[in-house]
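> Let's have the full structure, built from the sequences with the hints guiding it.
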Amino acid sequence: MKKVLSFVLIALIALGGTSLGEKQTRIVFWHSATGDAGELLGRYVDEFNVGPGAQLGVYVEAVYQGSYSDSASKLQSLLSAENEEDLPDVMQLDATGKVRYLSAKSAYTLDEALIDHPDEDTGDFLAPALENWRLNGVQLGLPFATSTTLTYYNASVLDEAPDSLYDLMYIADEYELEDGVCVYACVPNTPTLANWLGQMGSRLVNGNNGSEQNATELDCLEDGSLLRFLEIWKELYASGALVSRASSNDEFIAGKQLVMTASSSMISTLDERIGGAFELGVSPYLRVSPDDGYGATVSGSCLVMFKHDDERSEAAWEFVKYMTSDLVQAGFAMGTGYIPSRVSAVKTDLWQDFIREAPEYNVGFEQLMLTPEGMRSVTVGPAADFYYTIQDVFTSMLEEDTSPEEALETLEEELNGLLTQYARANP
Amino acid sequence: MVAAGVFAKKRFCIKPYLFVLPMLLFAVVFVYYPFFRTFLNGFSLVNAQGRLLRYTGLDNFRYLFGRREFASALGNTLMLTTVNVPVTVVLSLTLAVIAAKKRTLSPLYETLFSLPMAVSMATAALIWKTMFNPTVGIVNRLLGTELGWFESRDTALGTLLTLTVWMGVGFNFLVFLSALRGISPDTVGAAQVDGAGRFQVFWHIRLPAIAPSVVYVASSNAVLALMTSGPVMIITQGGPSRATSTLIYMMYTSGYASGNDSLAACVSLVTFALTFAFTFLLLFLERDKVRGL
Amino acid sequence: MKLIKSALWQLTALCAGLILVFPLIYAVFGAFKTPAEFGAWPPSLLPDSFGNLENFKAVFKQIPMLRYMLNSLITSLITGTVKTLLSCLAAYGFAYYDFRGKKALFFLILAAMMLPADTLILTNYRTVTRLGLIDTYLGICVVSFVGASQLLLLRGELCRLPASLWDAAKMDGCGDLRYLAFILMPMERGILLTLFLQAFVAQWNSYLWPLLVTTRMDMRTVQVGISMLTSAENTNYETVLAGSAAALVPSLILFFVSRKSFTGADASGAEVE
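Protein chains in written order, with our numbering: chain A, 1 to 427; chain B, 1001 to 1293; chain C, 2001 to 2273.
It is worth saying that the hints were derived from the structure and are not from the lab.
Ideal Cβ positions, reconstructed from N, Cα and C, are used throughout, including at glycine.
Any given hint might turn out to be false.
Said to hold, decoys possible - Simulated crosslink set (DSS-like; lysine-lysine; CA at most 25 angstroms straight-line):
#  : chain 1 : residue 1 : chain 2 : residue 2
1  : A       : K321      : A       : K347
2  : B       : K1102     : C       : K2103
3  : B       : K1102     : C       : K2005
4  : C       : K2102     : C       : K2002
5  : A       : K321      : A       : K105
6  : C       : K2102     : B       : K1102
7  : B       : K1015     : C       : K2005
8  : C       : K2002     : B       : K1015
9  : B       : K1101     : C       : K2002
10 : B       : K1101     : C       : K2170
Stated by the list, open to error - Facing chain B, a subset of chain C residues (Cβ under 8 angstroms, in silico):
#  : residue
11 : P2023
12 : E2054
13 : G2132
14 : T2136
15 : I2226
16 : F2255
17 : R2259
Next up, the structure:
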């Protein structure tokens, strides 16, 4: 037993010794990028560390923190324990983390960073991308991995790109599908539902989807848009075009699902994994009906900062600037399918030559331009519960065959309940 | 129950307290204090920083019981528990009966039967996730099916159940094996002389003799099954549409990840209550069974 | 006839065993397959060659596996040691002394068994983070130090020892700690080793708590680390299997080392958390 103890002590001391830092400023960067994006992100962090970072005496330690929601959970738990010391300096944040970030005392928002660096401005960033990271009038951070939801389709089977949900019904009617092949699979969640409601000119929750002020209730009841969507969704299911399960890359790649709606950031991965087995088609996000508009908000993630001390926040700022610079943005977009977040990045020859060769990489950018100005992604306090409740109710409506009116009632009760409960505990 | 010490020392002495203190300290800080806080939080309004704002009586419970999510989490947890326990007991016991008599190859298949206990939950979950993947997984290929085992609401919970049963089989097999081998050969021999068949011997002699082990396996598995959360986090994230959400998983997502301590505390308390209920039920059943035989 | 019957019986048992461990065989073989082999039809169990180490290279490139294993080893050693020592001390106090409130304290500790640790994580997380133990080995272990069932078992063992032993030691002027460390612990080493190994294995396999209290890559344990090989959008299953297979190696070693202590005479009374 004694031996064991002394071994433990020695090991502890040895490990403690190795993690003592050198003189440079070390900052921690939490990210959630995997696959191609993860590899590229790693490369840019390395490039920063040997290039500009080395000159400035800054070293960035990149930590993969699981999915965006895992990472945001970690943020939440540190905040609730009032332990902000263990927060990173820079964090890759998606829409579900916005409220939490803003509630952090050590949040070093972009607004504050711009006061500290008056010679910098954000005019070069694509407006929809930048504004997606504005909450209650505060600019949280800079867009890093900007994407939007697109429609992917199997162009070897389908003659043309599906344009609206009604086209899916048409496909189900007209095409002879092989056994085990379905047209479309989807379970609506917060962002996909909000996009479809947005196309009808409506919002899921008040406060412009919670982006301008805290959402307190659903905002798509009185104009009938949610009910209308539920009805169309049910009709789609009844037509046989829709399978009620989460859209799966694996199924689409295997040729067992003809149409898929997913993030534009998947293009490179899909290309790679389909490997020429069929022709990949990319088109704007499905419209609800030919009478509704096009559009899907920006998704993806931004980089936000936390302030620990002046030296580290300065280092964090340099790193964020590097990661959002035009060349990094263009390169990152080319390797993944994300949209370059800056006008100057879009204008680079690098990017322009690239999209001439691979026009599918430009669909996302074009869609952002089609999306109505002012359409914002959803920000609510109980983000995870919101997301799963929507999925749950939509699935139940189809599988337990309840009416759209009943589903509407359940959504109203559950979602408004979540918002009320959250507001009660966090006034 | 508690026997007096070997040596009774009558005068007050600080020393014995010092021996007991370290463990007591950890029990108080990491078991009793959190339990007390959970209790308090369950009946109060707590903000995202974990501060108690005010006492609210049963409001939190009323809210919790009205949530759809809770209904599915509770249903799934009960389903996992009530199916897992009997299946695990029967399966491990069958394996133990097969292996009970020592034969040439005994060491080999004893090792095989107990091997699942060597595998950690995270590893097992990853293997399951791969095996049951609809396109690349081996299960669909072997069965010639095209099911999305973890993706469909009809099969997800059942597939998860196969994992939780598999994880428990190894250890429980060993418990039963050592219990079966511990039965005195005389008792069994006497019955055989009386002309009892193999099945009768098992039912009337062996099974009652290992009843305590059965109860131990059943109750420890019931508690483990009630706590199921790891595989859910790794494989399904509670989906599809909450078909695999469990109470502890709900506590993690709605509590830890959403900063809603009151709700998390209520879920915890419900889980406590279930744990007690299952444990007592099993103890009660055992007493009945032992007396009845 | 009897021989054939026995042979058949054993063959059946062997087949059942192989079916039971099939997932492990699948994982280990799959770890050596190339993506093409993995997706091939008809599927084969064996890889073309065990020389294909690409998947393992991918794992070690994605995550610092050896560091994770070291972390798991250290935390498991700490938990095993501290938990066993605390139980020893407490069992000694309860077995050899009478003191006011003894019964109450004994039950207080035993009742802790009834409160499942998973339901207490939220408050414990706050406590641990307030103590500044996030991303430390102690933080990963500290909630598993209370071993009520260990205490129960050890106290029973100590009460069974002849009283004359303690008497004689006291006569020789042997202090409590010396008696505990040099007489009792060596005498009970079998059971202590069992308890140590059980605590070790439980810590090695734990997932939820280490996930919560670590935010740094170099503090993660194996269980947390390998679960990060999958992501919702894009999972490379050969890599996942290679990671699982690599994580299996220490687990299997542990299994063969500790198996004896689980199958020991008291297996039915022992408890694994």
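> Could you work out which earlier hints the structure fails to respect and list their numbers in ascending sequence?
2, 4, 6, 7, 8, 10, 12, 13, 14
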